[in-house]
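*Asks:* Here's the letter readout for the chains.
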Amino acid sequence: MTLISIDGVTRRFGDVAALDSVSLEIRQGEFFALLGPSGCGKTTLLRILAGFEEPDDGAVRLDGDDLLKIPAHRRPINLMFQSYALFPHMTVERNIAYGLEREKLPKKEIRERVAEVLETVGLAAQARRKPHQLSGGQRQRVALARAIVKRPRLLLLDEPLSALDKKVRAEMQLELKRLQHEVGITFVVVTHDQEEAMSLADRIAVMQGGKVEQVDAPVELYDRPRTPFVAGFIGANNIFSGRVTENGLDVEGLGLLPAPKGVDGDSALLVVRPENIRLTEIAPKTTETQDEAKDAAVTTEEGAEPKAEIEAGTEAVTEEEPKSEAKSEEAAEVVAEEGAKAKEDGEAKSEGAEPEAKEIAVVTEADAEVKPKRKRKTKSKAKAEPEVREIAVVTEPEVEVKAEPEAEVKAEAEAEAKAEADVKAEVATESEVKAEEKDATADTVAGAEAVVDGAAEVVTEVAAEVVAEENAAAAKADRGDDLRAAVKTAMTGEVDAEAMAEVVSRAVAGVVAKVVAEVVAEVVAVNESKAKAEERRAADAEAETPSETAPAPLAETASETKTETEAVSEADPEPEPEDGPLRGTVVDVSFYGGTSHIVLRVEGHEDHVLAAAQGSARVEPGTEVAIGWDAADAVLIPA
Amino acid sequence: MRRNAKRGHGWLQLPFWLTYVFLYVPIAVVVLMSFNQNKSAYAWGGFSLRWYSALIGNEKIRDGLINTLIVAFGATVLSTVLGTLLAVGLARYNKSRLVDALSTMPAILPDLVLAIGLLVFYAAVKMTLGLHSVLIAHTVFGMAFVTAVVRARISHADTSMEEASRDLGATPVTTFMRITLPTLAPGILAGALLAFTLSIDEFVIAFFTAAPTEPTLPIVIYSMVRFGVSPEINALATLLLAVSFTVVIAAQRMTKLSEALS
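Sequence order for the protein chains is A and B.
Residue 215 in the working numbering sits at position 232 of the first sequence, and the numbers go up by one each step.
Each number in the working numbering comes from the position in the second sequence (counting from 1) with 29 added on.
Because the hints were derived from the structure by calculation, they are not lab data.
Model, not experiment: these values are computed from the prediction.
Incorrect hints may have been included.
To give an idea of the interface, some chain A residues facing chain B are shown, with a C-beta separation under 7 Å as derived from the structure [to be verified]:
#1 F35
#2 I53
#3 A55
#4 H56
#5 N61
#6 F64
#7 A68
#8 H72
#9 T74
#10 Y81
#11 E86
Straight line, CA to CA, 25 Å or less: simulated DMTMM-like cross-link-like pairs of lysine to aspartate or glutamate [to be verified]:
#12 A/K194 - A/E178
#13 B/K124 - A/E36
#14 A/K91 - A/E165
#15 A/K113 - A/E95
#16 A/K52 - A/D40
#17 A/K194 - A/D46
#18 A/K160 - A/E178
#19 B/K124 - A/E178
#20 B/K124 - A/D(-2)
#21 A/K113 - B/E192
#22 A/K52 - B/D92
#23 A/K113 - A/E154
#24 A/K87 - B/E192
#25 A/K52 - A/D3
#26 B/K285 - B/D140
#27 B/K124 - A/E154
#28 A/K194 - A/E13
#29 A/K113 - B/D187
#30 A/K90 - A/E264
#31 A/K52 - A/E84
#32 A/K194 - A/D176
#33 A/K90 - B/E191
#34 A/K160 - A/D199
#35 A/K113 - A/E102
#36 A/K244 - A/D176
#37 A/K113 - A/D148
#38 A/K150 - A/E102
#39 A/K150 - A/E178
#40 A/K52 - A/E8
Ideal Cβ placement from N, Cα and C applies to all residues, glycine included.
With the sequences and hints as input, model every part of the structure.
*Replies:* Below, the structure written as structure tokens:
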């Protein structure tokens, strides 16, 4: 039920419009806040409601009746002044009784009501004191008592807590809420303190420059700011400005960031709450890895110049475990889990899935005579059972490999898959499979195997997601085949045109042109096939297996350190698989209020990125981290 | 070290003390001589209160004092009321600095100008001279002082108090009576005391506007002094001094109190 309706109210002071066509509805019984920086017009609006100020234009109605016609002293509205405006020559009692005396109420009733309200605000003992003998908090209570004793329809509070110190303020916040509940009066509070507004109000109108930016419940304001100003004013936010694409927000200098859906091509702001930021320390835990290899892995992941060269014969098997909570949650969504192990002799075995999420990364390397190195990271989402799987394939081919490179591929797969390879591959798998698609793609496995087979020429580092058993079967079928053959085979099958196009386009986007040309020609395959009903619903997987002919990459790959390709079979904005789209350095870590506040510097981003974590975060300044968040946790504001 | 510093300060204090002595020697002399036994006003002849008793027996002086008090009280009441209204009005409705400055002009103007102006005005409107004419004349300049003091007080006052009163349901009149006036009371009182003391010893304007039959005390004293200063005058001056001191100090206290309260 609307108590006050403010309609197109405008108030100018000279050339400045303190209020510019403001319209608001204030409901009966609610605790409403006008929030904004000083000079935003909130106090002017309050004074118009109280009757001390008249709008140049617009209407204000109370219960549907024109309020502007009524002089201030006849309005059923009371105001608690920021300065409290207690009458210094009167005792607390007399101050409170003042309003009732003006109503010409019987003395007895006045006495009773004053005593009652003094009891309510807990000042019965101070009734006969003068205002200057009271503390700040007590004065505030007197001011409040003086206003509510009149039992107004609407109580206006002008910066009610600003004059109090922090501890008293916290108390009074509770007190105000309790009182509002107790007396059932509609409260309108004006404040510039967003925390105050958030903690007090049922609904908040955020104002700026005489205009109302957004009216919403505190949670809505926080979660879904509709304007850049609101996003910046309510809480500390990370704001990225870019262009909306189907798969996120394309930010200049930063790349594609996870974002909720928007209108493609529009420029927009992406707002990410510090507490939704997920940090992953970059340096992975490595086993059996030589330092150089590790270094290489780190730097390449960052997209920086290749620092280390991988020596021939280096074997590295890396397992990455989910590092953050968010990741664990994400992982928990993944029912099926796979890892693939490939043995040195080139046989990969796939094992049945475990009900937990695991990420396994297998680094494949081979003896190489050539230094330049290239990495490809392919992420694909597969649909199979009720979750979506993501496949990340990282390949690190080195060219002109020795005829018989040592290789070890580890993979855990749902399906049984065997691969023969003289390669070591790192396969990181995280997948969610969706039920509706019963297609299975054998390509991932097939591709992987093909690479493995072709490893005489290529060193591959593969992070792959395991597919259904069918895939395994397909993989088996393909085993031993030449890579090209595998691709061709795959492509001769039933191909979903869209998915195919998607994969191709993604590949094109992610890979340096020439390489892409090769890759597309040789490797990409998308296959859809139907899964058996009783079996697991098949996964739709796109696999992209990079392979290179021996001579070509030599020159080109030297400059290229990383390519990242995402293949999304379905337009489902699921989070990044493991870390996140940004790389940053921890600048500062502070701990207060039970929360760790982490300030990060991201190359290419003007502002710092703020992250917050419950408890104390064990991060040292200077740590390199991957920064990520769930698209669903971010808010997209059209610019 | 410390002594040196003190001595240095002593040197610098010298002009201050000299000025102060210069200021108060005449007053000290008057007070001292009012207790002089000797008939001569200039030579000390021992302590006595005889001039004070002579003063009380002097009818001229007594009549003059009564006239003065009538004028002073009347002018104080009038100038306080009008001056307060003027100050409030200025604060509330006037935005012009010129009007603001002119409101206190009579307090700064040479008394002579005001006196001549008033005399001409009375003649123009064909008003008779008497205590009433002095009273009105004193109200004019007293009002200027009251306005100045109250105006200062208002500028320090919290205007939200009046708004609070209206917000709580008081009409503008009630607000003025119940909130505005009590808030300004210290300033008003200080202004009133100032107007009173100024009126009591005011000579120039009274001399111009008073009827010869009803002289105020300063005029009486003037006529007595013309034939030589008698110790009686010294006694009178001392009494006036005592009254003025008391009132001025009271006014200052009042202002300080009001500042402490606001």
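*Asks:* Is it true that the CA of A/K52 sits at most 25 Å from the CA of B/D92?
*Replies:* violated, 61 Å
*Asks:* Please verify whether A/K113 and A/D148 have alpha carbons no more than 25 Å apart.
*Replies:* Satisfied, since the Cα-Cα distance of roughly 21 Å is no more than 25 Å.
*Asks:* For A/K150 and A/E178, compute the direct alpha-carbon distance and say whether it is at most 25 Å.
*Replies:* holds, 14 Å
*Asks:* Can the hint on A/F35 be confirmed by a CB-to-CB distance to chain B that is less than 7 Å?
*Replies:* This interface hint holds because 6 Å falls under the 7 Å limit.
*Asks:* Hint check: A/K194 vs A/E178, CA-CA at most 25 Å. Holds or violated?
*Replies:* holds, 21 Å
*Asks:* Can you confirm whether the C-alpha distance between B/K124 and A/E36 stays at or below 25 Å?
*Replies:* This hinted pair holds, its Cα atoms lying about 18 Å apart.
*Asks:* Within 25 Å, alpha carbon to alpha carbon, are A/K91 and A/E165?
*Replies:* holds, 23 Å
*Asks:* Against chain B, run the beta carbon of A/H72 and see if the smallest gap drops under 7 Å.
*Replies:* Nearest chain B Cβ about 4 Å off; hint holds.
*Asks:* Do the numbers back the hint for A/A55, that is, is its least Cβ distance to chain B under 7 Å?
*Replies:* holds, 5 Å
*Asks:* Assess, step by step, whether the Cα of A/K90 is no farther than 25 Å from the Cα of A/E264, and give holds or violated.
*Replies:* violated, 73 Å
*Asks:* Do the alpha carbons of A/K52 and A/E8 lie within 25 Å of each other, as the hint requires?
*Replies:* holds, 19 Å
*Asks:* Less than 7 Å between beta-carbons is the criterion; does A/A68 satisfy it with respect to chain B?
*Replies:* holds, 4 Å
Going through the hint list in order, the structure does not satisfy hints 2, 9, 19, 22, 26, 27, 30 and 36.
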